[in-house]
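Taking my numbering, the leading residue of the sequence shown gets 1, the next gets one more, and so forth.
Accuracy of the hints is not assured; some may be wrong.
To be verified - Mimicking DSSO-like on lysine-lysine, the simulated pairs with C-alpha atoms at most 27 Å apart in a straight line are:
| # | residue 1 | residue 2 |
| --- | --- | --- |
| 1 | Lys318 | Lys333 |
| 2 | Lys223 | Lys130 |
| 3 | Lys130 | Lys161 |
Said to hold, decoys possible - Quick list of the computed label-pair ranges, beta carbon to beta carbon:
| # | residue 1 | residue 2 | range |
| --- | --- | --- | --- |
| 4 | Lys318 | Leu80 | 22 to 32 Å |
| 5 | Trp123 | Gly70 | 17 to 27 Å |
| 6 | Thr311 | Phe166 | 40 to 50 Å |
| 7 | Lys130 | Ser23 | 52 to 62 Å |
| 8 | Thr210 | Asn131 | 40 to 50 Å |
| 9 | Lys333 | Ala58 | 44 to 54 Å |
| 10 | Met364 | Pro18 | 14 to 24 Å |
| 11 | Asp392 | Val61 | 37 to 47 Å |
| 12 | Val409 | Glu99 | 47 to 57 Å |
| 13 | Arg149 | Asp182 | 41 to 51 Å |
| 14 | Asn132 | Gly64 | 36 to 46 Å |
| 15 | Asp392 | Leu80 | 43 to 53 Å |
| 16 | Leu322 | Trp74 | 21 to 31 Å |
| 17 | Asn132 | Met364 | 34 to 44 Å |
These aren't lab readings, by the way, just hints derived from the structure by calculation.
Quick caveat, the model's predicted, so the values are computed rather than measured.
Ideal Cβ positions, reconstructed from N, Cα and C, are used throughout, including at glycine.
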Amino acid sequence: MTVRKSVNREMFDDVMVPNYAPSYVIPVRGEGAKLWDQNGDEYIDFAGGIAVNVLGHAHPVLVGTLKSQGEKLWHLSNVLTNEPAIRLAQRLTELTFAEKVFYANSGAEANEAALKLARRYAWEYFPADKNNGVEKNEIIAFNNSFHGRTLFTVSVGGQAKYREGFEPVPGGISHVDYNDLDALAVKISDKTCAVIMEPIEGEGGIVAATQTFIEGVRALCDKHNALLIFDEVQTGVGRTGAFYAYMNYGVTPDILTTAKALGGGFPIGAMLTTTDIAKSLVIGTHGSTYGGNPLACAVSEAVVNIVSDPTVLEGVKKKNLLFVDGLMAINEKYNILDEVRSAGLLVGAVLNEQWQGKAQDFLMAAQNEKLMVLVAGPDVVRFTPSLIITDDEIKEGLARFERAVATLVS
């Protein structure tokens, strides 16, 4: 009989590559918007696995779906397809502008596929001899953006710290300031094959695109025959109160990437696009061993069916008000914030000048009060809870956050 060793945080440092610095709290069980650690202590989860656990922990429908599919079929190579993959693609195309779906395992892989598709599409339809002798392969992204951790996606992401030490990085990529349409107008040209953007910069501090900016980006892409890619890895699948954030703006991309919440905690990513653009990824041009995995697609289909319910999406908008009003009430007492940025249940509390650079202190203080939160850079405390968290759980979590604030301010 195998004797199972007890596990503690110190063991992590012994056996894991040191690219993470996890908390000393090790959760062992979750239910809805709550977690319990090894000591049996209960936490309110306002982090949601970084906008992943849209239906909380151990949602009974997702558990049942995983068990059911697990008894049928786990994996096939892409030499074969499977029913859950087809059903999920049907739902995603029904719910969005898209007509075609490519599956991956993560947001980075979905973005990698999108960027490769954009270059391949330009190579096929706008070769130099048809584009005034100009090679059309340049990609424009935005400062403070985040698109993943592969070498291509960190190169496209607008944060130098993620590229440092990994040079030389892929070329043909440039960056301009977010929400600066004039800067983009100067940079974009007939050399540009794609512009990639987050409708709301998540890791960059919960900064939303203005309506004028996002409409202007669409117009400039149309003018220069460049594809517009929306990275909705963090904003997608109900997070902002719309199924995808582009729906709030009334501006449709050519390609959309999605992951995180798409599987509700089970790894899956996808790239969505139109039939005409998808044609450029012919057989053999791109692939993913686990992309379209039956387990992942079955769980994702259940997530999509629940989240796309209008009552769930409307509930996200109502819960937003609880968060914003609660945080502003805390700020009236303690004067720690400049503003609260939010869209649905993607909420950023922006620390004022006195507290700049100390977001991590608030995260740790909240953890001490049995509340899980996130940061978005050094100056923003981020909240991305389950979309179906109860009002009472929000109020209790905010009460714990207030106690955390009080310990720092006192």
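Hint by hint, here is what the structure shows:
Taken as a hint, the Lys318 and Lys333 pair is honoured in the structure, with Cα atoms around 24 Å apart against an allowance of 27 Å. About 16 Å separates the Cα atoms of Lys223 and Lys130, which keeps this hinted pair within 27 Å; it holds. Annotation: proposed proximity of Lys130 to Lys161 is violated, straight-line Cα distance about 38 Å (limit 27 Å). A C-beta distance of roughly 44 Å is found between Lys318 and Leu80, which places it outside the suggested range of 22 to 32 Å.
Taking the beta carbon of each, Trp123 and Gly70 are about 41 Å apart, not inside 17 to 27 Å as hinted. With their beta carbons about 45 Å apart, Thr311 and Phe166 fall inside the hinted range of 40 to 50 Å. Evaluation of the 52 to 62 Å hint for Lys130 and Ser23 yields a pass: the beta carbon distance comes to about 55 Å. Here the CB-CB span from Thr210 to Asn131 is close to 31 Å, at odds with the stated 40 to 50 Å.
The hinted range of 44 to 54 Å is not satisfied by Lys333 and Ala58, whose Cβ atoms lie roughly 35 Å apart. At roughly 19 Å, the beta-carbon separation of Met364 and Pro18 lies within the given 14 to 24 Å, and the hint holds. Our hint of 37 to 47 Å for Asp392 and Val61 is violated, since their Cβ atoms are close to 22 Å apart. Between Val409 and Glu99 the Cβ separation comes to about 53 Å, which falls inside the hinted range of 47 to 57 Å.
Hint check: Arg149 to Asp182, Cβ distance near 31 Å, so the stated range 41 to 51 Å is violated. A beta carbon spacing of about 58 Å between Asn132 and Gly64 contradicts the range 36 to 46 Å that was offered as a hint. In this structure the supplied range 43 to 53 Å holds for Asp392 paired with Leu80, their Cβ-Cβ distance being about 47 Å. In this structure the hint that Leu322 and Trp74 lie 21 to 31 Å apart at CB is violated, the actual value being about 40 Å.
In this structure, Asn132 and Met364 break the distance hint of 34 to 44 Å, their C-beta atoms being roughly 56 Å apart.
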